[in-house]
Each structure stands twice: as C-alpha cells, then as structure tokens.
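Novice: Residue numbers (numbering that gives the first Met the number 0), protein chains in the order written: chain H, 0 to 657; chain D, 0 to 467.
Bear in mind the hints are in silico, worked out from the structure with no lab data behind them. Keep in mind the model is a prediction, meaning the values are calculated, not measured. There may be inaccurate statements among the hints.
[Unchecked claim] Okay, derived cross-link-like pairs now, DSS-like style, lysine-lysine, Cα gap no bigger than 30 Å in a straight line:
1. Lys123/D with Lys102/D
2. Lys348/D with Lys347/H
3. Lys132/D with Lys102/D
4. Lys132/D with Lys115/D
5. Lys348/D with Lys107/H
6. Lys229/D with Lys102/D
The chain contents come next:
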Amino acid sequence: MKTLLSVDQLVTVFGHGDDTLRVVDGISFHVAAGETYALLGESGCGKSMTALSLMRLLPDGGRIAAGAVQLEGQDVLALPERDMRRVRGGGMAMIFQEPMLALNPVIKVGTQIAEALALHQQFAGQAAWGAARELLDSVGVPDAARRLESYPFELSGGLRQRVMIAMALAGKPRLLIADEPTTALDVTIQAQVLDVLRRLRAEQQMGMLLITHDLGVVAENADRVGVMYAGELVEEGARDAFFAAPKHPYSRMLFEALPRPGDGGRLTTIPGQVPGMDQTLHGCRFAPRCPYAIARCRSESPVWQELNGQRVRCHLAADLPARSERGLTAHAKSSQTNAPLLQVEGLKVHFPVRRGFFQRTVGHVRAVDDVSLSIQAGRTLALVGESGCGKTTVGKALLRLIEPTAGTVRLGGETIDARNAATLRRQAQMVFQDPFSSLNPRMRVGDILLEGMDALGVGVARDRRSAMTQLLRQVGLPDDAGARYPHAFSGGQRQRIAIARALAVSPRLVICDEPTSALDVSVQAQILNLLKDLQDSLGLAYLFITHNLAVVDYLAHDVAVMYLGRIVEQGSAAAVLRAPRHPYTQALVSAVPRIESTIGHDMIRLAGDQPSPLNPPQGCHFHPRCSHASEACRQTYPDPTRLENGHWVRCHWVAGQP
Amino acid sequence: MSVMPVVLWTDALIFALLACVLVLVWLIRRQEHLRAPWRVVAQRPMAMGAALVLSAFVAIGLLDSLHFRERLPDSPADAPQYSIDVLSVFDILVGDLRTQQEKTYSAPLAMQLYAKEFVQREGKTVREYPRLKFGGAHLQQEAERVPDITRRSLIGFAQGLALSLLVFGLLAAWQARCSKVSFGDWLAAWGEGRLDWPGRTVVFFVTLLLVLGSVLLHLAPAYHVFGTDKVGQDVLYISLKSIRTGLVIGTLTTLVTLPLAIGLGIAAGYFRGWIDDVIQYVYTVLNSIPGVLLIAAAVLIVQVYIESNPELFDTAARRADIRLLALCLIMGVTSWTGLARLLRGESLKLRTLDYVEAARAFGVSHARIISRHIFPNVFHLVLIAIVLDFSGLVLAEAVLSYVGVGVDPSMHSWGNMINGSRLELAREPVVWWQLGAAFAFMFTLVLAANLFADGVRDAFDPRQGIRR
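One chain only, chain H, in its complex shape:
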C-alpha cells in the first residue's frame, strides 16, 4: 500500500531554555492510504499534541523542534502558512472530541458545511448546499435536507459528531485525524459513529489516524496500533498481533487493568501515574512503574527492536514471562442474601417546565418515572443506562439532593422523609464522577474529610483527627495528605479523597455516580479494587451508577437497566449481561467494543437517539428504536414479566415468548 503520511522523529516542545517541556519526543510512524492507524495511550501521553503538530495547530507556546512530516511526499513542516491552510481540510482533516465545542452555535449546520466546501472545492450557493446535503447523507444523517437548516444545539451528540465528520470530509481529505471521536458519546451512538468512519474510509480510500485510550475501539477499528507513553512511542504492530501478544510491559498491563466480562478477580493495577512532562527522564520512561525493570532500564533508553513483526522499545521484550491468564474462578462476589438495606418504591422526579411571562407550568420533564429498587447490605446494584436516562437523578433523589416528586425510600427499615434527613445522611453518601469538581480547591484535604463529621456530629470532636488519619490510610493515601490542598493530587488520588470523604460518616450505603469514567484505565483499576476491598472489609452496599458495562460486570451483583426514566430490565449481573432479554439491553451489551476476537460478534444496531423525557413516546418508550416493536408496544407501557431468579423485564415482545 502507498504510504500516505510519514512522520519521522517528530519532537514538539513547549517553552524555552530550562523550562522546555518535550510533549512529543521523537516519534516516527506512517499511515498508508485506506489504513487506520491507532495511537493508543493514557491521558497526558502526548497523543493529541501529536495530532495538533501534524496539522500545525499547536497552542501558543508550542513549537515543532525537530523531525519531518510528509503527506503524500510533501514536506508539511516546510510549507508557508498560506499553503498550509489548503492542506488543513484538503490534505488532512481533523475531528475533535467534543462536537459541541467544535461547531459554532449561532450558525446553521448547512452554512458551516457549505463554508468548508466553498474553501476547498470552490462550490458556491445552491451547488454548495446540494453538496452539503450529499455529505450529510453519506455520514448517515437522516432527513439531511432538513438538518442543513438546523442549528447545532438542535442536534443530539451523535448527530453533531456526524456533522463534524461531514465538515471534515468537505475538502476530500486524504488523511482523517480522529481525536477521541466517540469518547463523549454513549455506546450505542459510538457504534453508529464508528460504523460511519469505517465505511467512509473504505469508500474513499482515506488514511485514518485514530487517537484513543479505549482498547475496545482500537480492536474494532484499527489496522495497526502504536502505543504512546510519556511522549514516546513504545510499541507498534499490526492489530491482530498486538492484541494476541502485546510485547511492551506497559501495553500488557493496560490489558490486564481492563475489567472484562466474566472476570471477578482483582485487577492488575499499574502503580503510580504517567510522569509529568516537566520531569527529567532517564532511561526507559516506564521503568519507575514497571514490575520487570532492571538497573539497565533506569540508565539506558531502549532502542527499537523487532519481534515477530511487532516493533517494541523495551530491553526485556524478548525475555518477559508469558502472560498469565487471570483466573476466572476468583469470583469474590459475596452471595448471601439479607434483608434489604435500601428499598425504593415508585420514586418519581418530575421537573416542571415553565414558560411565558407568568412562568406557568406547561409540562414536566419526567427525569425519573416510577423507579423501584432494593439493595441488600454488602451487595452492589448497578444502575446502567445512557446519558440522559435519569440515572444520576435517581442517585441524587435518594440522598434528597433533589426533592423527589413521589415515592418512598426506606433505609434500614426506616422510612426517610424531609424530617429525618440527618439519619439518611449518616447512612448513605455519594461519590461523584469528576474528581476535579468534587473537591473544593480552597480547602485542605483534612478539612474536606472533617466537614461531614462536623456537620453530622459523628463521634467526639477530639477523636476526629485520628479518625481522619485512619480514613486516609484506608483509601491508600499518605498520612500527611490531610495538610495538603487537592491540587497537589492526581485524578486517581482525588477520587480516593472523595471516597474517604463519603466514608467519613461511616455510611452503610454509598452511591457511586460514574466514579471511574473520568479516569484512565490503569487508575480506574486502582479505584475499582479499592471499592471492592472496602465492600469486603466494611460490608458496604453500593448503588453503582454507570454507563460502562465492563465495570458493571466486574463489580456488580445485580443490574438494573434504565431507559428514559424507567427501569426496563433488572436481575442478577450474570443473567442481565450474559443473557439480556430486553431489546434495549441486548443492543447495549452488543454495542460495547470488545478486545476479544470480533469474529462472530453480531452487533445489534440501534437507529436514532434517545427521545426527550419531556415528551416520551406513547406506549413503550423504546418502541421507535426497537426492531421487535408491535402494535401493543405503541399503545401501552408493558408490565413487568417475571423470569427466573428475580430477573424481570418490561417488554411485550418478551412477554409474548414462551
């Protein structure tokens, strides 16, 4: 295949003199036409900076210090800025992670696409509009002609990302750079967008540089894979070989840190974190975190070596022990059944929609509509669903952070209402998604931990300091952490602080709202292990709110699947994830990109997006997207159909089956 893009010893730096940060440090790779090359790595490894260097769109202060970039034989770095503008969009185009930020909110979608067309293909007026419609058609936007007249805020996330792709394609680029194109999207939408990208690449023989941290996405889309660590490429190889036998210890540990279906053992964690760019690094950059490191690793930077067609930079690559398969038997999920700790009946949260001068209520957003749950002490219930289905609202309504509209909450046999909220707060606490916004940057960690104990009057005041030290140890933080401010800690450590804060009042139930979705894979493993240990030692019950099914499989005993404010399927984790019955659950499970062999993996594709909870569809909420929908589904909301072992489904189709 013809080489489309070749990058040779690219070095990108920030700053001058002693403060120089080498964010990309001598990486070389090439992408052929019609090929997808995936750059894989955790955040802070320099993946995005590599992409921006190729486009010569580095932020202020960044510059390319050395190296060569050739696109179809043309030296991109030597071009004057005037010609470079033609290369951007024409030669190579880029798709960004956050589609809302990449589209101008006050200009119609059609005008934005037409602008790109006018620039690169000299289309104007009606011709541009027509070409824009064809582009939208080609990326699978339904009703393209009408969509051209829409503003970005009128489109859902998946549609917006497709518009972005259409804009990127407007200049008929030879190379498409996709920087985490689906990270902000739900799994079912992610599957749709990745589909579009695969199809376009094949049709137009484009080269694609796919930047991602998700091994699953890589496995399903890439032809070749390059693993980045701390600004360097450490391993490169064809996809199949790489997934069969990763050679670099870092790649291997990334695999082992990933929770996988049917696997309940402890996750392998990579100690520490990606080194900051400002540290001076000697020898192999991974050595400080590598369990196999020898003295040579710390002094001498490894050179590339070739092993069965894979290239790797590791002194020990040839001598590493074979990968041990994790035992699938070490399933430590306790299974005893007790009286339920938390019982929720008919929980409803409706937000009034007010319009007009007098702020009259014209309707309700039914964020949570008749949800019933129960959790036993020491067990984990996962609440699964796509964004906007109301799962976070359930968590907040349980803690009365949002006042529920209806429903009863019984905690430890006691009915909770506005009067005895303090009882609730001592027994149930919450861990939030974003460890950066969940800790007050102006308070010391110690004060953050003490806040809950002070507010609820837990224990005697003079014992609280020692309780705090105890807590810090429990979540694996150093004793002196209490005197420091949150900014001194990394994302994973901050999440530990957030967990310690929740534990400070010795709750029996912890509501975890996507606690690992903002974290890297290796750090996610540390947090999941910690949560599991805490459950074992303290007998905690978790309500685990997430969209990540792999994590659910690892941690949860029971699963409840939510769609548009209602639970559509509930049962034990094994039953729901291994043998899902509701069509929505089936689609959800099959849309998760898998790193195992994808042959025979038949994906169920969902059309369209989740409807608005302001105006849910008549009958079964899911019927507009369901391939099994019948007349009954359009008329009435289905009642629960009980299956074996407490597994139940709300679906007419399942009810109709023998």
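Assemble chain D onto chain H, guided by the hints.
Specialist: For chain D alone, kept in the frame of chain H given last:
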C-alpha cells in the same frame, strides 16, 4: 506645644481599613493557595513599579490622616484653648509650604506675581508685576533665578541619587545575606535579571521616587514649584493634600460596596428562587436611576443637615469630612450592582458543582456552605473588582466635584482644583498650572492603580492561567 488629637470619621475608617488589610495580609501569608497568586503579582515588573508609586501615594495619604489641633499659645494652662484649624502630621512635615501664601496667581517657579499691581517705587507709583513674598524672595534680581533653580535641582538630584545608592547598597547586602551568596554574585544576578523578583524595576522606581522627592525638597522651600492659585496658596501643597481625598473616595466607597455586593450577589446566586428575584429587581431598579441625580440629591440632604445642626460640628474640617463620608456612602450604595451581578453569576455556577452537592449531602448548613465553599471561590473576583473600581472612583470624584456635587468646596481635592481653574482657562495669558498639577497627580495615581490592577487580574483570573 501641646496638641489635641482629632479623629475625623474618615480617619477612623481609613485606619480600620488599614488594620483589616494588615490582618488579611497576615492570613494570606499563612495559606499557600492564597499566597501563590500574590507571588505572581510580585514577579511582574510593571505591577511592582505601580505598587511602589501607589505606596508613595498611600504613605502621604496616611500621614495626612493623622489630625490634631494646636493649642493656642496664649491660652491658660488649666483651661487650654485650641486652634480651630485642624492640621495633620503631613502639614507639619511640609513645614512652611502651607503658610507661605501669596496674594494671588503666580506661575510655577516664578518670583513675580502673575498680575500687575500699582507699587510704590522710589516715591513713584508704578504698575508692574510685584515680587512674591516667598517665591524666590532670597534672590536679588531676575537673572539669578534660572541658575539658582538649576543649582538647587542638581543638588537635589545628586542627593537623591546618593540616597538611593545607599538604599540599594543596604538592600543588596541584606538580600545577599538572606540568600547566602556573595555581594558580587548577588549584584551580577541583579544585573542580569536572574532574581526571583523584578529587582531592576524596583530599584529603578525607588531611585526615581527618591530623586523626585529630593529635587522637590530643595526647590519647594524657596519657590512655588507648581505656582500658586487664586488666593495665593501653593498648588503643590494643595495637590499633595488632595491625595488623601482621592484615596478616601477610592477605598471607603469600596468598603461600603463590598458587604452589599458580596452578601446580595452570593445570596441571589446561591438561594435562587424568590430571593434571587427580589435582589435582581432591587439592583435593576437601582441601576436605572441616573447616578448623578441620586448623588446630587443625597449630598444636598447632607448639606442641609449640616447647616441646620451647626452645633454638631465644631470645626470646618469636621463639616467637610462628614460630607466626604456621605459622598462615599452614596457612591457605594449606587455602585455595588456590577459586582453583585458578577458574583451572582459565579455563585449560580458554583452551587451546581459536585463539592457543594457533597456538602449538602452531609447536611451542612447554608451559612457554612456559603462561607467555606462559595465565598473562597469567588474571592478572586472581589479582589479584581476592588482594584479595578479604585481608579474609576478617583476619577468619579473629580467629575462630581467639577459638577458641584462632590466634596466640600473648602476641602482640597483634584476635582475642586479643576473646578477652580475652569474659568481661568479662558483668560489671557492662560493659567494652566492648577489644572496641569491636578491632571499630573491624578494621572499618575490612576495609571499606577490600573497597572497594578492589571497585574492582579492576570494573576488571579483562572482563564489567564494557561498562558503563563
């Protein structure tokens, strides 16, 4: 000579404010995250230069705020009587500048009056420019004037330079000792700008201030450096006295603004609902009343009150002072809305953040959430607003006094100076120095304040963080 200290209202408030600032500085020094942005400010040459100029102004203003009344020399010892003139420490320091009063206008550094008069000379009545009583009184004839001024300036310049060299030497020795390097090494580091603070700029500005001060010190006793005004008062003296007025307006008004803006702004953003509605209506209404009208009405009320209750104010200074305070109050009451709106928006954002939710999940009280989670996180906005508002308020005083609703006409202020020189601009030859002096002083103070505010904003504004 015994004196009776006089504490005017504004004096008390200024020193209370000073105490607050000192306490705040002490608190900030103890907390790393509060200290860090100030360290950034201290590393900016422009901000440090501006801070030095500002501190010179503040020093004069503070000295001018220590008031007292002198005892009358012939009053009996058992029942002392005091002069009705309220003086300040600053008046004592400038010596005769206050009392060297001419008849009327005289040009800067002149030795003759600016208006012709009939004088008796050798038995004849001649119409000519008479000699000044104090300005250049030691000279025999006009030809000696320029050489004398040059000589005095040069001596002043040389002395200022020598003094700053001495200060620099002491500073270098102290710094070298602190950082444990040799004197020569420190000088080299200073020369190449390798210090962790902008050494060269600071030394330059200290030298500039010392030289300027020393030249003025040599010229002022013998001449009227900025000329004299209509009633023959030294314009330099008036300008220096006006510093205090400007500072009082700039700082005390903020003191009135802050509790209103912080309290109402945060309450509106945090509680939302009807509290938000009420507060928003209040500031929308307040904003739509023309500010000058409100201020004019309030000042008029105070004026009437003062005149109908003369027994409450024993001196003219007290009367002028209460009017100044009233002006600060009313300007504060009309100018809190901008900051309040800003804080409301920021609190609206903060209240949805996870750490506030986490605090609510613990049942932490509203007062505690506001004081521990919201206020510390909007404090940088408050600080930026204070320094930005300062210069605006100093300028507003000038405008209001010019319109006639500002400070008392008997009080020295730049606005009154401009007002006084308004009519004289039309005369031929023009009297420009009064306006020029007011302009120069106000310009320096406001420019310094703005440059300092720029530095503070850059250091505290999180959006600027990436570019550093």
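Novice: Hints first: check each against the structure and report whether it holds.
Specialist: Results of checking the hints against the structure:
1. Lys123/D with Lys102/D: Satisfied, since the Cα-Cα distance of roughly 22 Å is no more than 30 Å.
2. Lys348/D with Lys347/H: 26 Å, holds
3. Lys132/D with Lys102/D: 8 Å, holds
4. Lys132/D with Lys115/D: 15 Å, holds
5. Lys348/D with Lys107/H: The hint holds at about 28 Å.
6. Lys229/D with Lys102/D: With a Cα-Cα distance of about 8 Å, the restraint between lysine 229/D and lysine 102/D holds, given a limit of 30 Å.
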